[in-house]
Amino acid sequence: MESSCKGRGPDFLQWLRNGCSTNKVAEAPHVPWGTLFSFTCWILWQRRNKSIFELEKTLPPSTEESAQRAREFTTLGPSWFKLNIDESALGNPSLAGARGNLGATTNCVAELWGLKDGLKLAWSLNVQNLEIETNATLVCNLLNQITFYIHPFYSILSDFLWMMTTFVAARISHVYRETNMCTDALAKHGGTVPLFCLTPLPLL
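Counting from 1, position 192 in the sequence shown corresponds to residue 378 in our numbering; the numbering is continuous, with no gaps.
Please note that a few of the clues may not be correct.
[Stated by the list, open to error] List of simulated lysine to aspartate or glutamate pairs, EDC-like, C-alpha gap at most 20 Å: (1) Lys306 to Glu250; (2) Lys268 to Glu317; (3) Lys210 to Glu250.
It should be emphasised that the hints constitute simulated quantities derived from the structure, not laboratory data.
Can you make the complete structure from the sequences, with help from the hints?
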């Protein structure tokens, strides 16, 4: 890094060091400024390379995109626990898996099954503060909006929101698929077990 940036002068290197090492917290996304700064620079570097070497038209990352990437690498604190959920569906609808083989269903239903089992596990472990992460934008949006009463899954969504009120604090947010790969692998494994056979929930 030092050698590749010599032409930019010591002020540029110091600017990078200052941005990455500061202990301040960004007000809007509520993440450490150093983490937000690092991911913004990283995304810019990636897109610059795509523009130069792959001739792709790219745009600078939005504040929300940088903040989302930074949140995934931000500690929640000693009293918080994280629940990552995912599903595996060969089609939509098709054979699907979450905690186990769910038979033929849609990926949305499979994701909701995973959420239900995860909430039950967290509650049984007496978790008080829970951060839920999913790469399913639809599920995240359904649980974060107040107009889901017109949705066909209204009853099950209502149950989930009630279950979330049993925690001191619980929130659900969207993450990129690349950061949910472990959960994705477990969901795919669930689709390989016998039909409707639920595998024991692992404690990681």
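Outcome of the hint check:
Under the criterion of a C-alpha separation no larger than 20 Å, the hint pairing Lys306 with Glu250 is inconsistent with the structure, at around 31 Å. Taking the CA atoms of Lys268 and Glu317, the gap is near 5 Å; set against the 20 Å cutoff, the hint holds. A C-alpha spacing of about 18 Å is found between Lys210 and Glu250, which places the hinted pair at or below 20 Å, so the restraint holds.
In summary, the one numbered hint that this structure violates is 1.
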